[in-house]
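Protein sequence lines correspond, in order, to chains A and B. Taking the numbering used here, the leading residue of the first sequence gets 9, the next gets one more, and so forth. Taking the numbering used here, the leading residue of the second sequence gets 9, the next gets one more, and so forth.
Note that these hints are calculated values from the structure, not bench results. Just so you know, even glycine gets a beta-carbon here, dropped at the ideal spot from N, CA and C. Watch out, some of these pointers could steer you wrong.
Stated by the list, open to error - Facing chain B, from chain A, some residues (calculated, C-beta under 7 Å):
1) Val125
2) Leu184
3) Ile188
4) Ala189
5) Leu193
6) Arg195
7) Lys223
8) Ala232
9) Phe239
10) Val260
Each chain, letter by letter, is given below.
Number of protein chains: 2
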Amino acid sequence: MSTSARQRFTIEGDFVMEHGGTLKDPVIAYETWGTLNFQRDNAVLLFTGLSPSAHAASSSKDSTTGWWEQMLGPRRPIDTTKYFVICVNSLGSCFGSTGPASIDPVTGEQYRTAFPVLTIEDIATSAQRLVESLDITHLHAVVGASMGGMTALVHTILFPGVAEGLVSISSAARALPYSIALRSLQREMIRSDPDWQGGNYEGHGPVTGMRLARKLGMMTYRSATEFAQRFGRERVPEERQSGDLFGVEFEVESYLEAHANKFIGTFDANCYLYLSRAMDLFDVADHGGSLAHGLARVGARRALIVGVETDALFPLVQQREIADGLRRDDREVDFRALPSIQGHDSFLVDMDRFRPVLCDFFNCTMNQPGRLRSV
Amino acid sequence: MSTSARQRFTIEGDFVMEHGGTLKDPVIAYETWGTLNFQRDNAVLLFTGLSPSAHAASSSKDSTTGWWEQMLGPRRPIDTTKYFVICVNSLGSCFGSTGPASIDPVTGEQYRTAFPVLTIEDIATSAQRLVESLDITHLHAVVGASMGGMTALVHTILFPGVAEGLVSISSAARALPYSIALRSLQREMIRSDPDWQGGNYEGHGPVTGMRLARKLGMMTYRSATEFAQRFGRERVPEERQSGDLFGVEFEVESYLEAHANKFIGTFDANCYLYLSRAMDLFDVADHGGSLAHGLARVGARRALIVGVETDALFPLVQQREIADGLRRDDREVDFRALPSIQGHDSFLVDMDRFRPVLCDFFNCTMNQPGRLRSV
Numbered sequence: 009m010s011t012s013a014r015q016r017f018t019i020e021g022d023f024v025m026e027h028g029g030t031l032k033d034p035v036i037a038y039e040t041w042g043t044l045n046f047q048r049d050n051a052v053l054l055f056t057g058l059s060p061s062a063h064a065a066s067s068s069k070d071s072t073t074g075w076w077e078q079m080l081g082p083r084r085p086i087d088t089t090k091y092f093v094i095c096v097n098s099l100g101s102c103f104g105s106t107g108p109a110s111i112d113p114v115t116g117e118q119y120r121t122a123f124p125v126l127t128i129e130d131i132a133t134s135a136q137r138l139v140e141s142l143d144i145t146h147l148h149a150v151v152g153a154s155m156g157g158m159t160a161l162v163h164t165i166l167f168p169g170v171a172e173g174l175v176s177i178s179s180a181a182r183a184l185p186y187s188i189a190l191r192s193l194q195r196e197m198i199r200s201d202p203d204w205q206g207g208n209y210e211g212h213g214p215v216t217g218m219r220l221a222r223k224l225g226m227m228t229y230r231s232a233t234e235f236a237q238r239f240g241r242e243r244v245p246e247e248r249q250s251g252d253l254f255g256v257e258f259e260v261e262s263y264l265e266a267h268a269n270k271f272i273g274t275f276d277a278n279c280y281l282y283l284s285r286a287m288d289l290f291d292v293a294d295h296g297g298s299l300a301h302g303l304a305r306v307g308a309r310r311a312l313i314v315g316v317e318t319d320a321l322f323p324l325v326q327q328r329e330i331a332d333g334l335r336r337d338d339r340e341v342d343f344r345a346l347p348s349i350q351g352h353d354s355f356l357v358d359m360d361r362f363r364p365v366l367c368d369f370f371n372c373t374m375n376q377p378g379r380l381r382s383v
Numbered sequence: 009m010s011t012s013a014r015q016r017f018t019i020e021g022d023f024v025m026e027h028g029g030t031l032k033d034p035v036i037a038y039e040t041w042g043t044l045n046f047q048r049d050n051a052v053l054l055f056t057g058l059s060p061s062a063h064a065a066s067s068s069k070d071s072t073t074g075w076w077e078q079m080l081g082p083r084r085p086i087d088t089t090k091y092f093v094i095c096v097n098s099l100g101s102c103f104g105s106t107g108p109a110s111i112d113p114v115t116g117e118q119y120r121t122a123f124p125v126l127t128i129e130d131i132a133t134s135a136q137r138l139v140e141s142l143d144i145t146h147l148h149a150v151v152g153a154s155m156g157g158m159t160a161l162v163h164t165i166l167f168p169g170v171a172e173g174l175v176s177i178s179s180a181a182r183a184l185p186y187s188i189a190l191r192s193l194q195r196e197m198i199r200s201d202p203d204w205q206g207g208n209y210e211g212h213g214p215v216t217g218m219r220l221a222r223k224l225g226m227m228t229y230r231s232a233t234e235f236a237q238r239f240g241r242e243r244v245p246e247e248r249q250s251g252d253l254f255g256v257e258f259e260v261e262s263y264l265e266a267h268a269n270k271f272i273g274t275f276d277a278n279c280y281l282y283l284s285r286a287m288d289l290f291d292v293a294d295h296g297g298s299l300a301h302g303l304a305r306v307g308a309r310r311a312l313i314v315g316v317e318t319d320a321l322f323p324l325v326q327q328r329e330i331a332d333g334l335r336r337d338d339r340e341v342d343f344r345a346l347p348s349i350q351g352h353d354s355f356l357v358d359m360d361r362f363r364p365v366l367c368d369f370f371n372c373t374m375n376q377p378g379r380l381r382s383v
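Construct the entire structure; sequences and hints are all you get.
Here you go:
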């Protein structure tokens, strides 16, 4: 039996958003692992990608597998016997934190599209308010992958004295037009679904649009190389084919279908739209006038920047851009380009490559490699 | 004033399709340029990609610009003062050839989804019937890019004694799962549009689905590198922004919007579905049991295989696969990997790179380079 390990912190009063508008008494949902030490300096703040909740790993309070289960826990790369790890559900999301699906206490109605424009900065700032509420003034590190990497990066710019270390994985210092276009198309799929109803749907709403968006998502999260090795031109068995000329015939179509089905009902469509747009808007150049000036404001004294060769959504060139921009005499910057074939999602699945990299940064003492193999 | 240069050839009687089913008296629309010589051996057969018509270039009969205007004409790389060029509108398309939008003479109704499964082989075979009707037994070359390259390739397998030369550009000997998945998603966008009505729409039908499919198409036809150079993070001027948080804000979104708008009403949705699926089904291994055996059946004695480094839909590795599979002591194979940044569409836009390559193959005497610059 699992109970929820989720905790909630309310930012009391008006929370002013970066692009205007306020939220009244917004809530940040979070989970923690490990214990804050006496010096209160062993905390690690973990940001998520677009779709996960704060449940990054199992714990005694919640035994269900988390989204970064193999990375986080006792004697895992981010060792929770040494670190006090805090993972936040991003502001704007729908797993306990305030977002477009939440009730606006001012109106008593769901925010929906009346939610103010959301930025990555808003996610970082709201999380920092939580950190402060825990009486933590010094973070051992901020960590994030994908959208979470953007959030971690901007946290070190907005609050330069707080985090000593920065771990950015398959992220970006600014959204590039190809990634903007892909996300824009995903949003259009959702908004074009008549069931979106301008955001005023009941229940799951635009299921078809969300299915399409998820399929395109899966394609941009993985790589052509992986698909070629994994699926080739394999057909699904005849009994599982629909018989429809345009239905599922190839295994790769069946794979995307399964992922789309699994996603439905797990994520609110309006929250998806807001978080997706927040990534497009992200540009470190907003902090200082240029990318170089923005990165010069990063306060972390140690940085680990990790990217993957097959990542089409947050390409390796963007990881190198961050690493190069951070290099300074008084900062240790470790840049790792991994040859994983799973594209953007590699940090979630190619654990044999990612574990040692994070382990190095967090000075972990890992279990026998045999005990930690990918499953 | 332009009049149409389109000609029509009727394949009389029942045309048996590769995967079963027949078409009664199907029509192949085509255009020609130049003159068939006395020996009847200077003909070049040109196949198109998914969406163009047979109007590859302007002529005295039709002065409108064709889809390969700069490649085809007097003293252009495929010099129509030397060659008799025939471009066919693919079977299954909607620019004069019989396809799902045509009236089935048996029922008096549009075929729609009652059209039999279409294959690349059907397109090649129906074109060959046209070639035979013109009393041409020997082709100087078959030429095609993208889907047209698949068609040209399989033409040289199905009719090995006919074409002396093969030109395959940004094509494939078989569809890979990543490309299948992208096309499958495009088809799902169209079929999910309530206005598709299971194929029984009137008028333009699933406009929203076609718009989405076209946008995804444009993204897979171009490259992230080109988008980064061309659009960066430029915003459209405020007066052209919709004011909607999820509307067009970035130039790259405006670019895709313009392309989607231009496509609407120009292509029949059911035809699109059939042609798209035909590409997924294509596998040279169907001719001989393996890719190697299939390519061994290619009859052409000269081959030019061209690919582009940034092509994500028909990647360079697939062009090399064709070239390597064709190498034989008694065949001249020229493989060219071009560094164009426009991805799959480069053959339509990066003419300064493509013209000399085709010119070499066709022994052309080009005009001054200055006269032929890309526009």
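A quick look at each hint next to the structure:
The interface hint given for Val125 (chain A) is met, as the beta carbon of that residue sits about 6 Å from the closest beta carbon of chain B, less than 7 Å. Nearest Cβ of chain B to the Cβ of Leu184 (chain A): about 5 Å, under the 7 Å cut. The hint holds. Contact between Ile188 (chain A) and chain B, as hinted, is supported at the beta carbon level, the nearest pair being about 5 Å apart and thus within 7 Å. Interface restraint check for Ala189 (chain A): the shortest CB-CB distance to chain B comes to about 5 Å, inside 7 Å, so the restraint holds.
Below 7 Å, beta-carbon pairs count as interface contacts, and Leu193 (chain A) has one with chain B at about 5 Å; its hint therefore holds. Look at Arg195 (chain A): its Cβ gets to within about 5 Å of chain B, closer than 7 Å, so that hint holds up. For Lys223 (chain A), the interface hint holds, the least distance from its beta-carbon to any beta-carbon of chain B being 5 Å, beneath 7 Å. Because the closest C-beta pair between Ala232 (chain A) and chain B is about 4 Å apart, less than 7 Å, the hint holds.
For Phe239 (chain A), the interface hint holds, the least distance from its beta-carbon to any beta-carbon of chain B being 4 Å, beneath 7 Å. Taken as an interface hint, Val260 (chain A) checks out: its beta carbon lies about 4 Å from the nearest beta carbon of chain B, inside 7 Å.
The structure agrees with every numbered hint stated previously.
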